Amino acid sequence: MSEMNPNPVNTGQHEPAPTVESPQRRRLIGAAGAAAGLAIAPGVMLIEVAHGRPEDQPASSAVRWGMLVDATKCATGCNDCVTACSTENGWTPIGESAHPKQAPQWIRKLELQDPLTQMETNLPMMCQHCAEPPCVDVCPTGASFKRADGIVLVNRHTCIGCRYCMMACPYKARSLVHEQLNDTQKADVPRGIGCVESCTFCVQKVDRGDGTTACVEACTASGHNALVFGDLNDPDSEISRKLREIPTKQVRADLNLNLGVRYHGI
Amino acid sequence: MASLMQRAVRAAFLAAALAWAGVSPAQADAPKPVIEKAVKGQQCVEDTEYMRKNHMKVLDLHRDKTVIEGIRTKKHSLKECINCHASEKTGSVAKSKDDFCVSCHTYAAVKIDCFECHSTKPQGPMTMHPLNAGTAHYKHKLVAGAKKPVTVDDMAKVAQ
Numbered sequence: 001m002s003e004m005n006p007n008p009v010n011t012g013q014h015e016p017a018p019t020v021e022s023p024q025r026r027r028l029i030g031a032a033g034a035a036a037g038l039a040i041a042p043g044v045m046l047i048e049v050a051h052g053r054p055e056d057q058p059a060s061s062a063v064r065w066g067m068l069v070d071a072t073k074c075a076t077g078c079n080d081c082v083t084a085c086s087t088e089n090g091w092t093p094i095g096e097s098a099h100p101k102q103a104p105q106w107i108r109k110l111e112l113q114d115p116l117t118q119m120e121t122n123l124p125m126m127c128q129h130c131a132e133p134p135c136v137d138v139c140p141t142g143a144s145f146k147r148a149d150g151i152v153l154v155n156r157h158t159c160i161g162c163r164y165c166m167m168a169c170p171y172k173a174r175s176l177v178h179e180q181l182n183d184t185q186k187a188d189v190p191r192g193i194g195c196v197e198s199c200t201f202c203v204q205k206v207d208r209g210d211g212t213t214a215c216v217e218a219c220t221a222s223g224h225n226a227l228v229f230g231d232l233n234d235p236d237s238e239i240s241r242k243l244r245e246i247p248t249k250q251v252r253a254d255l256n257l258n259l260g261v262r263y264h265g266i
Numbered sequence: 001m002a003s004l005m006q007r008a009v010r011a012a013f014l015a016a017a018l019a020w021a022g023v024s025p026a027q028a029d030a031p032k033p034v035i036e037k038a039v040k041g042q043q044c045v046e047d048t049e050y051m052r053k054n055h056m057k058v059l060d061l062h063r064d065k066t067v068i069e070g071i072r073t074k075k076h077s078l079k080e081c082i083n084c085h086a087s088e089k090t091g092s093v094a095k096s097k098d099d100f101c102v103s104c105h106t107y108a109a110v111k112i113d114c115f116e117c118h119s120t121k122p123q124g125p126m127t128m129h130p131l132n133a134g135t136a137h138y139k140h141k142l143v144a145g146a147k148k149p150v151t152v153d154d155m156a157k158v159a160q
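Protein sequences, first through last, are from chains P and B. So in our numbering, spot 53 of the first sequence is number 53, and the numbers just go up one at a time. So in our numbering, spot 5 of the second sequence is number 5, and the numbers just go up one at a time.
Errors might be hidden in some of the hints.
[Unchecked claim] Under 7 Å between C-beta atoms, here's a sample of chain B residues computed to sit facing chain P:
#: 1; residue: 79
#: 2; residue: 116
#: 3; residue: 118
#: 4; residue: 123
To be clear, the hints were calculated from the coordinates, so they are not data collected in a lab. On a predicted model such as this, the values are computed, not experimentally measured, just so you know. Glycine included, C-beta positions come from ideal geometry on N, C-alpha and C.
All chains, please: the whole structure from these sequences, using the hints.
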């Protein structure tokens, strides 16, 4: 193959068919799938497009993203979900931070022990993406908001860094960026000094149509399979099936917030 | 009558103020901004003249759609602006004083807030840019052999 080949995708006869698809190709397939699905009838999809909506369509309330954490599978000492989150979203992990007490924390591993039985439980804790989020209730500028598909986010353009939402959150899920980030942000994840932030369910991935988050990918890759991400509104999604089958709990269910993150084995 | 008087007084004040400040309106000694041509695309998503005046409105509208509704079209996205306009030298739109965004904003004395949060660099290697992917490797060859910077015209020739 010549180095000067102007079209690196079409590489000639001897190349096997490309198995790894480029993002552009994937988008095309996604668009074709959506079009094909529309052509048949509403509700009858020819190709399952894994919630990949066209990029010019807004997030829809027909979908509610949620996560199931199986604490019985979550391994002691494993920190893969936290590492994956910091890599994907560009925040510095506490261990590497110059000011650990102020370091942002989108997801953290908790190790709990029952004082009576000494039983240990491991689980990741992050924004629970409440249906009735207290952080949204208290925000004085409307920066803290819930997207149509149930993802609770901070609009950094309107956040004034008052940290009222951090006080209101029962899960201590939010943190404030205290220091200049000096252009270390990821292009897909803008974040900066003076704004509050928290888990976004990897909204950039969700919008891309990946249908999963960095922590779930990492947990699956490590073989623990303790995390499942999916659409709570779709009765056929893996998460909905599991929620039907196994007993799950909401943390602080007494607050009646209807959480997007559910736990099994706590 | 009163309005004529007022106008005259206002003009006198203005003239006095300018004289005191030591400037006349015709003079403009601030160095003109360096506008680096985007090497990757041939044409901006809107007319250049329109974008010079209105890019902030375009970006403002798009940011609300993206953040609140999750609409992530490429056309008016800041990320795509950065992909095209990042300087060849610094790989950024706002790192050095001649970079695309900073150059004009310094001249106009308007602070940019975008890069408090947004990255000023394209993600991944420059060659990954969608407009660039097909011919990027030519450009590296040209740059390696060329004495002067590779221009849009040079690239257009190669693409043909």
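Consistency of the hints with the structure:
The beta carbon of residue 79/B comes within 6 Å of a beta carbon in chain P, closer than 7 Å, and the hint placing it at the interface holds. Here the hint on residue 116/B is kept, as its CB sits about 4 Å from the closest CB of chain P, short of 7 Å. The beta carbon of residue 118/B comes within 4 Å of a beta carbon in chain P, closer than 7 Å, and the hint placing it at the interface holds. With a least beta-carbon distance of about 4 Å to chain P, the hint placing residue 123/B at the interface is held under the 7 Å criterion.
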